[in-house]
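Below are the chains, spelled out letter by letter.
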Amino acid sequence: MQSRSEQHHGERDTEQTLGASPAVKRRVVRMWTEAGIAAIKALPVILMVFSLAGILGWVERKGSALIQDRIGANRASIFGFAGAGLVNTLFADPLKFLTKEDIIPLRADRLLHTLAPCVSLFPVLVTFAVIPFGDVLQVGGRTINLQVAPLGIGVLYVLAMASLAVYGVVLGGWASNDRFSLMGSIRGSAQMVSYEIGMGLSLVSMVMTYGSLDLQEMVRAQGALIGGWIPAWGILYQPVAFLLFLCAGIAESKRVPFDLPEAESELVSGYFTEYSGIKHLMFFMTDFVEVTVVAALVTTIFFGGWQLPYLGRDGFHFPWGASLMLPQVIVAVLQVLTFMAKVFFFCCFQILIRWSLPRFRYDQVMRLGWKGLLPIALLNVLATAVIVLAFQG
Amino acid sequence: MIEQYLPVLVIFCFTGAIVAAMVSIGRLIGPSRPNPAKSEPFECGNLPSGSAWGRFSVKFYMTAILFIVFDVEVVFLYPWAVLFRRLGWFGFAEVMVFGAVLGLALLYVWRKGALEWD
Amino acid sequence: MGPILFCVFAVLLISSALGVIVNRSPVRSALSLVVTLFLLAVIFLFLDAQLVAALQVVVYAGAIMVLFLFVIMLLNVQEDRQIMTRLGMRAGAAIIGALFLLGAIRLLIHAPSAAGGGMTGATPAGFGSTERLAEVLFTRYLLPFEVTSVLLLVAIIGAVVLAKRSLE
Amino acid sequence: MTTVPIDWYLILGAVLFTIGVLGVLVRRNIIIIFMSIEIMLNAVNLVFVALARQLHSMDGQVVVFFVMTVAAAEAAVGLAIIIAAFRNRQTLNADELSLLRW
Numbered sequence: 001m002q003s004r005s006e007q008h009h010g011e012r013d014t015e016q017t018l019g020a021s022p023a024v025k026r027r028v029v030r031m032w033t034e035a036g037i038a039a040i041k042a043l044p045v046i047l048m049v050f051s052l053a054g055i056l057g058w059v060e061r062k063g064s065a066l067i068q069d070r071i072g073a074n075r076a077s078i079f080g081f082a083g084a085g086l087v088n089t090l091f092a093d094p095l096k097f098l099t100k101e102d103i104i105p106l107r108a109d110r111l112l113h114t115l116a117p118c119v120s121l122f123p124v125l126v127t128f129a130v131i132p133f134g135d136v137l138q139v140g141g142r143t144i145n146l147q148v149a150p151l152g153i154g155v156l157y158v159l160a161m162a163s164l165a166v167y168g169v170v171l172g173g174w175a176s177n178d179r180f181s182l183m184g185s186i187r188g189s190a191q192m193v194s195y196e197i198g199m200g201l202s203l204v205s206m207v208m209t210y211g212s213l214d215l216q217e218m219v220r221a222q223g224a225l226i227g228g229w230i231p232a233w234g235i236l237y238q239p240v241a242f243l244l245f246l247c248a249g250i251a252e253s254k255r256v257p258f259d260l261p262e263a264e265s266e267l268v269s270g271y272f273t274e275y276s277g278i279k280h281l282m283f284f285m286t287d288f289v290e291v292t293v294v295a296a297l298v299t300t301i302f303f304g305g306w307q308l309p310y311l312g313r314d315g316f317h318f319p320w321g322a323s324l325m326l327p328q329v330i331v332a333v334l335q336v337l338t339f340m341a342k343v344f345f346f347c348c349f350q351i352l353i354r355w356s357l358p359r360f361r362y363d364q365v366m367r368l369g370w371k372g373l374l375p376i377a378l379l380n381v382l383a384t385a386v387i388v389l390a391f392q393g
Numbered sequence: 001m002i003e004q005y006l007p008v009l010v011i012f013c014f015t016g017a018i019v020a021a022m023v024s025i026g027r028l029i030g031p032s033r034p035n036p037a038k039s040e041p042f043e044c045g046n047l048p049s050g051s052a053w054g055r056f057s058v059k060f061y062m063t064a065i066l067f068i069v070f071d072v073e074v075v076f077l078y079p080w081a082v083l084f085r086r087l088g089w090f091g092f093a094e095v096m097v098f099g100a101v102l103g104l105a106l107l108y109v110w111r112k113g114a115l116e117w118d
Numbered sequence: 001m002g003p004i005l006f007c008v009f010a011v012l013l014i015s016s017a018l019g020v021i022v023n024r025s026p027v028r029s030a031l032s033l034v035v036t037l038f039l040l041a042v043i044f045l046f047l048d049a050q051l052v053a054a055l056q057v058v059v060y061a062g063a064i065m066v067l068f069l070f071v072i073m074l075l076n077v078q079e080d081r082q083i084m085t086r087l088g089m090r091a092g093a094a095i096i097g098a099l100f101l102l103g104a105i106r107l108l109i110h111a112p113s114a115a116g117g118g119m120t121g122a123t124p125a126g127f128g129s130t131e132r133l134a135e136v137l138f139t140r141y142l143l144p145f146e147v148t149s150v151l152l153l154v155a156i157i158g159a160v161v162l163a164k165r166s167l168e
Numbered sequence: 001m002t003t004v005p006i007d008w009y010l011i012l013g014a015v016l017f018t019i020g021v022l023g024v025l026v027r028r029n030i031i032i033i034f035m036s037i038e039i040m041l042n043a044v045n046l047v048f049v050a051l052a053r054q055l056h057s058m059d060g061q062v063v064v065f066f067v068m069t070v071a072a073a074e075a076a077v078g079l080a081i082i083i084a085a086f087r088n089r090q091t092l093n094a095d096e097l098s099l100l101r102w
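First to last, the sequence lines map onto chains A, B, C and D.
Residue numbers for the first sequence follow my numbering, beginning at 1 and rising by one.
Residue numbers for the second sequence follow my numbering, beginning at 1 and rising by one.
Residue numbers for the third sequence follow my numbering, beginning at 1 and rising by one.
Residue numbers for the fourth sequence follow my numbering, beginning at 1 and rising by one.
Keep in mind that a hint or two might mislead.
What the hints assert, rightly or not - Taking beta-carbon pairs under 7 Å as the criterion, some of the chain A residues facing chain C (in silico):
| no. | residue |
| --- | --- |
| 1 | Leu43 |
| 2 | Val45 |
| 3 | Leu47 |
| 4 | Leu156 |
| 5 | Leu159 |
| 6 | Ala160 |
| 7 | Ser163 |
| 8 | Val166 |
Derived by calculation from the structure, the hints in this document are not laboratory data.
Predicted, not measured: the structure shown is a model, and the values here were computed from it.
Where a beta carbon is used, it is the ideal one built from N, C-alpha and C, also for glycine.
The whole structure should be built from the sequences, with the hints applied where relevant.
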């Protein structure tokens, strides 16, 4: 990384001595190529996240039906294809939401009322920019990193976007001029900021483990093998941090058992009570996209990301000596599929938690955040530091 | 260095466009037939009395203050976490002193009951 | 391309900063300030300060402004009816603003020429990286770092005492 | 890409600082005044970071760290004072609050 930036500065100096025009042209072309590549990577990622959110809506309905011994969604069909209700959540629901009236209550702040769902959905979607979904791919002499934005400060970018997610909740409640909404948004924002600390501290201990803020580097480090057999995934080094992160992540996504901000039995629908049509769907989607973000982060940081055990850049190398060479495209596809499978597993895991546990009381949520997560996370950071430094000698 | 952030700019524009499109398509396609009863804020059928923007418990404010202080602590821990192997035991001692003082702060608010919700 | 992008962000930054002081609704002012702080983080990226940029968003936009919004909601702050009451006040503000701006620009422009060197000079490798910042922070700025924790302790005690009293 | 002259950053800093000063002078709502002070702090931060880049020294960036911390502490205590003052006087107008002399 450092050598690359030096090289770049060198280029810049020669450009100045040359007086620019062809060099500047070359640089502009290169910049647009980079932007084009980024767009090509960003498009499928965003589309995948959107459809995964839809699929999760279906998994949630069918899953809850399974747990509660019902049939669940089974109505809408397109040309006779019902897909056991998958058509409902993927196509019929969004279309229905789009054609519904967008009601803005009296004396509400109209601009902020419209802005709130956008502000709520935006930061969670852009978090996917730094999540690596594969290793590198060589295309025509160019090395393409399978990650939309390879940032050196990836973890802090995630944290920054998570801290901006509070504004959707705050605005949604404030702009509606409704008591339930405002109560929900105050509860929601207090809860989100409380668990942000626990999340930040559990990430600190992971940064210490890997010695880097770069998510791609974290995943690469997890490709090593302990004793030649066991993949060196983060969970083996930091089980406590994993539990803390998962707990904080679920609390951040404001779902049961942490769904105080939208508790149906008390607050109608919480901070988005006064939303209808597509804006309501956007708040709803935010929840599912947040589930996906948490699943993707858990996968990346604790479960090896796109690493399939024993799969290297040129194929499988099994610990018993056998190996299987594969072309790099196949390897890349395997990595992306592995990543997606892991993410889907953790999404389903969160849905299982959501339908198994009852809602906490607000005092319990706050007590868990401040008197549970925070001290444990601090102790975990301390323990990590002592162990690593002691072994280092 | 700013070149590194070009993809971030791309995905920001992209996501912004999608989000804006969703809201505006909903506006265009959806009907708009407001009437007084529909525009009332929802209060389970009762007519709302007074403004919804009432005052709130100072507890929420306490939570936000605690959040700021510990957020700053977390933020100071990140540079240390990246470099703590090189900084060694001396860096560890520095951060321990820092953490101990903030631990005192946590102990203080704990004892004062600012973390209690009833 | 660099200068164009810079100008776009600078114009956005100035207009959102103006939004803070001309909005009558305090909530909108606060949101305008959030946008300002976020855009300033973008400007920091132009200056090879990515760690500072990230912290700007986490601490300023994500934490301090949440506290501001909480207080505005907590106190149910109403919109100001009028920003400036008298015409003379507006004229006075404009004159003071112009004078201040000129003075500040004059002062600042003369500072870097004394320091010498242009912005185009290559930065040392790893400039602005987390490692370099940590090195400086935990060696040369050791004492300020420790004092910071005491400052935060005092802040928390002060806030708890003040808020408790107003609770009773 | 970083071919933007340093003067531009410094002018931007000056403009921001002036906006902050104007906010303090013009607005009477004490919370808005507080926010204007934050704008001024940030203008100074911008100048720090720009000069750090100019002088190839990390000190400017470290100082910004401390400015942020101080701003956090200031916001916590300042807003607590505002809440206490509001409970006593039921107003946020700086002219009326000046009678308190705290």
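Against the structure, test the hints numbered earlier, and report the numbers of the ones violated in rising order. Of the numbered hints given earlier, those the structure breaks are 1, 2 and 3, listed in rising order.
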